[in-house]
Amino acid sequence: MSESRVILEVKGLKKYFPVHRGDKTLFVKAIDGIDFEVREGETVGLVGESGSGKSTTAYCVIGMYSVTDGTIVFKGKDISCASAQRPLELKRDMQIVFQDPGTSLNPQHTIYKILELPLKVHGLAKGHELHDRIVQLLESVELPESYLYKYPRMIGGGERQMVAIARALATNPSFMILDEPTSSLDVSVQAKIINMLLRLQKEYNLSYLFITHDLSLMRNVATRVVIMYLGKIAEMAPTEIFFRSPQHPYTQMLLSSIPVVTQQEEDLKPKKIKSQGEIPSPVNVPPGCSFNTRCPFVKPECYERDPVMVQVGPDHFVRCNLFT
Amino acid sequence: KEVKPEDSIIRITEDWPVFIDPGVGSKFSDSIALVNTYDTLVFPKPDGTVVPHLATKWDILDNGLTYRFYLREGVKFHNGDELTAEDVEFSMKRLLDIGEGFAYLFTRNVAEVKAVDKYTVEFKLSQPFGPFLQSLVRLYILNKDEVLAHIQKNGQYGEMGDYGKNWLLTNDAGSGPYKVKEVKMEEYVLWEKFDDYWGGWDADAPKYFKLSGSVEPITVRTAVGRRELEITDELQPLENYNMMDKIEGVDVATFLNGHNLNMMLNTKKAPTDDVHFRRALAYCIDYDAIITSIYPGSSLSKGPVPAVLPGHDPTIPSFKRDLEKAKEELKKSKYYGKLDQYPVSLSWCAEAPEEEKLALLIQANAAELGIKIEITKKPFGSMMADAQKMETTPNASLVFVAPHYNEAGSMLMSRYHSSSCGTWEQMEWLQDENIDRLIEDALATVDINERFEKYAKAQKAIFDLCPTIWLFDQAEKRAYQSAYIYWPTAERALKKETGCLPMGYDQYVHDMKVYPEKRLALL
Amino acid sequence: MGINLLKRIGLSIFVLFGLSILIFFISRVVPGDPARLALGPRAPEWAVENLRQEMHLDKPLYVQYALWLNGFVHGDLGKSLVTRRPVTTDIKEFLPATLEIVILSAIVLLVGGVFLGIISAKFTNTWLDGLIRIISYLGIVSPAFVWAIIFVLIFGYALPIFPTMERLSPGVTAPPTVTGMYTVDSLLAGDMSTFVDAFKHLVLPAIALAMGGMAQAARITRSSMLDNMGKDYIAAEKAYGIPEGLVFVKYLLKPSLIPTVSVASLDIAALFGNAFLVELIFNYPGFSRYGITAMLNKDLNAIAGVIMILGIIFVTINIIIDFIVAYLDPRIGLAGR
Amino acid sequence: MIAQKASDNSAVNRYLENFKKAWYKFSRNKMSVVGLVIVVLIILSAVFAHFVAPYPHHAGAFVNYAEANLAPSWDHLLGTDVFGRDILSRIIYAFRGALTMGIGVLVVVVPIGTIIGLIAGYMKGTLIETVLMRITDVFLALPPLILALAVCAVMRPTLFNSMMAVCISWWPWYARLVYGMATSLRNEVYVRAAELIGASRFHIIFREILPNCLAPIFTKMMLDMGWVILTGASLSFVGLGEQPPTPALGTMVSDGAKYLPDYWWISIFPAIAIMIIVLAFNLLGDGVKDMLSTEE
Amino acid sequence: MDDLVKIQDLYVWFKVYGGYMKVLNGVNFSLGKGEKVSIVGETGCGKTTTMKTILWILSSQAYIPKGEVLFEGKDVLKMKESEIKRLRGRGAAMIFQDPMASLNPVFTIGDQLAAVISNSGIRDLDKEKIRQLSINALKEVKLPDPDRILGSYPFQMSGGMRQRICIAMALATERALIIADEPTTNLDVTIQDQILALLREMVAKRGNSLILITHSMGIARENADRIYVMYAGNMVEVSDNEELFSNPLHPYTEMLLSCVPKLSGGGIAEGIPGRIPDYLNPPPGCRFEPRCPYAFKRCREEKPDFFDMGNGHKVACFKYD
Ligand SMILES: Nc1ncnc2c1ncn2[C@@H]1O[C@H](COP(=O)(O)OP(=O)(O)OP(=O)(O)O)[C@@H](O)[C@H]1O
Ligand SMILES: Nc1ncnc2c1ncn2[C@@H]1O[C@H](COP(=O)(O)OP(=O)(O)OP(=O)(O)O)[C@@H](O)[C@H]1O
Ligand SMILES: [Mg+2]
Ligand SMILES: [Mg+2]
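Chains A, B, C, D and E are the protein sequences, given in the same order.
Going by this note's numbering, 224 is the number at position 224 of the first sequence; the sequence numbering is gapless.
Going by this note's numbering, 43 is the number at position 43 of the second sequence; the sequence numbering is gapless.
Going by this note's numbering, 248 is the number at position 248 of the third sequence; the sequence numbering is gapless.
Going by this note's numbering, 115 is the number at position 115 of the fourth sequence; the sequence numbering is gapless.
Going by this note's numbering, 171 is the number at position 171 of the fifth sequence; the sequence numbering is gapless.
The shape of chain A in the complex, shown without the other chains (with noise of 0.2 Å):
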């Protein structure tokens, strides 16, 4: 697997976000100092509640923030920088495709408009073969020609997705963001999504970075794992690995909180780790580890030490007290 080439390299990555309140101006840590690479070809899921900063990774990933600290490598490159300095080329390189299908397409614009602006900014296709170049966009997302004028609120939620998917296509990247793409929608149309992307990831040779936070799907879609948690990684490892045996007291308390329909994936999930606490805001999180306030085996010095990332297995990454 480490074969395969890097093209992303996340280091140390931080983005900090000012607040006001009242007179004061507080920092709210999005990200704080995360490590991470994503190779050829690889789908990493980025997993974690909400609020852990998975999408303002991608955000900054994908150059829609500008970063506090860190760096961003693509493919050799440093491109730890805002979208408005990134040369047009590395923006065909790489695409995202957003949570939300309803707010990610212009309501006023036809599908044909939307899958017809990549391809002009880019300079990709003209006159007759712009259309054509659509229509076949149009059917690798298999959706039939018939969709071309029509407008995103007159198509189901399903298919705005599969839109919003030619759209990241149409450039030819070699990398795909994708920030929850099934997370609002129904396991049925969810399953055509992934499958499709799946087959389009083969097809295109394509690496996903792929963020949600059903684990179930996780298992089904990625080759890496990586667990976050309050802007800070906790765990990180290959699929198989990861949901045998997981480590950290963070990633057990949500695989055993996932609802599952089969008696063989109840037996998969770790003892039953009750659930307690609320994740504390990011404006105000705890000194020491910032689970401390939910860990069922919290130690005294939880309270003082923030862990550092540590190996526990091959490409299996740790960041707990409890292992170091």
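No lab work stands behind these hints: they were computed from the structure.
Virtual Cβ for every residue (Gly too), placed ideally from N, Cα, C.
Be aware that a few hints might be false.
Stated by the list, open to error - Listed below are the simulated DSS-like cross-link pairs for lysine-lysine, each with C-alpha atoms no more than 25 Å apart in a straight line:
1) C:Lys122 x D:Lys30
2) B:Lys334 x B:Lys268
3) E:Lys85 x C:Lys122
4) E:Lys15 x D:Lys30
5) E:Lys15 x D:Lys289
6) A:Lys24 x D:Lys21
7) A:Lys269 x E:Lys78
8) E:Lys142 x A:Lys274
9) A:Lys299 x E:Lys142
10) E:Lys85 x C:Lys231
11) C:Lys254 x C:Lys122
12) C:Lys231 x E:Lys15
13) A:Lys272 x E:Lys15
14) E:Lys205 x E:Lys6
To be verified - So, partial list: chain E residues that the calculated Cβ filter (under 10 Å) puts toward chain C:
15) Arg86
16) Thr108
17) Gln156
Starting from the structure of chain A, add chains B, C, D and E with the ligands where the hints point.
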């Protein structure tokens, strides 16, 4: 219901603003206020003569260069002070120093004024001034001490500060029959009867007098219908008078007042700088329609001076509509054939809504000759501002003009002498030396017959230049509560007596009577 | 809260400053010599020259502006050409009169509009709703002067229960001046009959003025109520057993008022603009009529003064309304706007 | 070739389809249709006033005091005014001024306000935004009617100048409306998406953001038509705007008001005309709002 | 069995332009006292509508051509005002789908809780008592610092807190039935777990009946005794919990289950082809027919009723006739 003291009131509407300061006021509404608040040395009669008032008698000395007045004794100002020659002297000086209002009547002629003793005052003129006595109806006597006590430092008048102008905006220092009780800016001025008035009082004389600043027709008519207004203004549309006439107990008084309506033509601005063009305009207007349909009761003008004024020249013909003649004149003008390039701007005064009818009539008439008239409705304030410069003065302006004292000379001087250019009263910009000379000469003539002859000469000369189209001599209309007030002017009108009083004197409230019981009976 | 208020005020001062520049220069474009205008055409030249100096007309425009602004800050707006008094004196006299009308009008507008809106929403698609909607359409499409004329006709002739001109009936004397508003002053003086009389004089102009805004408010309230009726929380509140009547007048009304109140600041500001039409017709000596007279007569200082005062009022109303909206809608932080 | 034709055909069909759908939404409310019909009638009669008006010359330099103040009759359906002019004819001609005012003002004001609002909204947080919006605030701090009057007072009172005056006071409303929308739209995911694709600023402002502001803009325009006409009427009520003899609705009402109630037709009919034209645009505006609403 | 709720052949239509949206199409449903039942189904299949009918809070466009909804044996559709009020105040409470949307944004939590409590028919309430009850309710759902929360507005709360507040409102006073409409859709798994545990616990403690609506098969399995599967306005299958997962009968249930990603891996099935039918013109027969691989002629013409397969397992499919 019982009669209350405040029911004994005469309420009159008139255009706002009302300046009750004798040094400032000069308009119609100001005159009404001044006439009732202040006394003058002499008092005008409808035939144009004057009778003793504050002055019991006078001497004219030095061939009309010195006038000596002997004052009535024991006349009291509203604050109880006695009126003396000092006050007369002060009032004249103040008027001249401030230079506004009626001052112009005196600035050219009065060289000196001096209190000879407590009850004698002497005016020295720099040149003879024939109608000096008549013009004295505009010298309102202020209480010197009271004014001086209310002077504000820091004004335009040097050591006199503001000359009491601020105080006199809302207060009076007079000796007249009514004393100012309340001034509500933009709303009304309320006077109360001055019980110690030297002239004495009739038992039915109004206890109060109020001048309201509204001329909105509906408001006026409503107020008349509710008996909350005794005498209306003269600016209502004809239709409104007709409607008010139908109200029980209300009549419309129609009387010639010595005013005329002028279409002043800017003689320095194309195309009205051409006398033929001006005459063409004069011949195309349908005068009959005006005096039958728009201003019924008014009469055709004969020249620059209204016919009721002493000194008018009756030999001057009226303009008549004659399209043939008009075309002829137009052909002679240098603008013939280029009429399109020379539209005539015509302004009318927003405060006199009936002028719009005239303006439109003139526009329609002129259109028959191919002359294009562009009409603008202008508030009087704007009109005055625009009159300041020849360039901003429109080609034609419709303006009512009133004499300031009852003689032809008043009209001639204020209308056609070069010194009045830049005022709203002369938007002709005539600036003709010959005319100036004729007017000055006439005014300097003490003998009345001689003077009138010279007036006639000046009138003819002006007529020949046709700087103005004199549309008609106005018959003033005012609706009034005939059922419960007695109004001398209305009575004169009913009796068809000739003559007229200077501006403001028709509303001399002292001579009116009110019968509040009769009013209550109507409610 | 305090900081936000200060911020808002700071911003408003900036806006007013901009406005002052705008207005000062507009008012100086007027043709004609203001000093000459002030004293009349026949005043002697030396007096005019003195006045010109006093008005700083001999100085460059920017100096004039600086001096004017300085005066403004110190409550000196120069003299009016029409009334010949300091503009500040005029404003002190006329502004309360208009404030009286506008305040009453604003109350009529808000209370009436909201009331009609509620009724209309409550009885959606009934004849009552239809009637109210027709009335609101008429209100919106008729200018205030048409209403004023209609009222004068009705109450001047057919139904003389309300006076149709001026601020007080003949014979009634004005109460001692405290605020300048006759209704308030007469109450302060404990003079009930004057109060009643003054109030009666306000009724018609205020209603005529309020008609348009009231109709607008009724429409907005109605549609926002209908809008909110479909919201989950209304269903939820009903489902929790809260009586429908209570849900309607409390839980539905408050969120529904937000758009109405937000728009009200504009409506109320517009009241000042339209007041002159009404003041003209009711012969009511108010601030707006004063302003219009000033404009028509090219009375510079008065124009500038009136517009600045209106600006201040507008900005103040805006701040107040923002606070009310913030009270109604806790989600809006004041800094947000 | 055939394929080309087929697609052309479908394009036509598509437009037809869209049009049908729009009409369907618009006509759901019968009142909107009534509004549309009235607006169309008014526009037609204004354009063809010369043929529609029974006495076209009464709109020009014409007086006939012999026939003044005639009550409505078959000769003069709405009566005659104090100058003896046919009121119906004058109303029809006055529509010209009213429409010119409404259309003229909006044509100027909407693009200016929209562009300023878009730029300021998209550039939120920059100096450009601050400058643009503070200027807007300054103009907003005055009731439109007052500002228009002030401007009119300084300039010569003509229709053109009063239009200018109204424009000066009107554009900030559009700037503010569009600014508000643009600030929230620029955070929309699809705008972000376009940025990430590498689209130009121009594209983002005018292709992504602008189309989404159009519905409220159009709706406001339709409603504003009425307001502008009312403002124009109020201006002409105090004598600013169209000058005689050209008829203006506000002037007709204000002049005629003097003769109420005896000669009621002189002002009541023009007042009704104002109400009708404003009402019609309001109804039309409601319809446009329905039509542009995105709900299916 | 002693049914608390019994819905029989319920049709609910919505009047929209162009006709009626025929949403509910003969729903049959029953719930015993103290029972926990779950309804699962895709988005838009009519779960919420069914529940709203029980509380009679349908929007004004709703039209009910046919059917009855019995609550404690009384037909809700024929109830008098006062009975409805009692039903809402004491009988049943609903926790709404979206906790943000179901809390009034402009009133404090305290205000809203107080309103619920004071209108529940409990006697002798004074301000202090209401406050005490409110605080207790918040404590019961394990919200920290209830005093502060009472004075806060909904937008100041996190999603999990809001949902707990909704639960607190529903459980603040005694009621026989709690309807939880997708109470955890917008929440994180761990928080979801906490909320569901809380709900289970509270219901158990009070012996309430519970209807849990969800589109997650997993949640249904872990929280209910019985499960109804709903599709396009029909209940298509009902059975005991384990039975349904081990032996799904209806083709729809079967396909739906296959789409759920499994923790055990093994990929995901292809999904169900097609879309939910257009409610304006639904298919005349079985509404699943257009998407059903087993469909035959009868499915196109006739609407299937429940066929009892024994053990309380019923399925509405002609395959089993
Ligand atoms: N523009 C912003 N300004 C301030 N705070 C922000 C901003 N964007 C995100 N945050 C905060 O940063 C934290 C991380 O947010 P992020 O959207 O990355 O979380 P997430 O893991 O994607 O959550 P979700 O699953 O809800 O999408 C959150 O607490 C969020 O409130
Ligand atoms: N008031 C209404 N007017 C028109 N249609 C409605 C109305 N309420 C619901 N519907 C329609 O009824 C159908 C069923 O809605 P319902 O909310 O009951 O579905 P649901 O199963 O709860 O879906 P979800 O899982 O999304 O909550 C939907 O297609 C919806 O569009
Ligand atoms: Mg996210
Ligand atoms: Mg639902």
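Which numbered conditions among the earlier hints are violated in the structure presented, ordered from lowest to highest? Checked against the structure, the hints that fail are numbers 6, 7 and 13, while the rest are satisfied.
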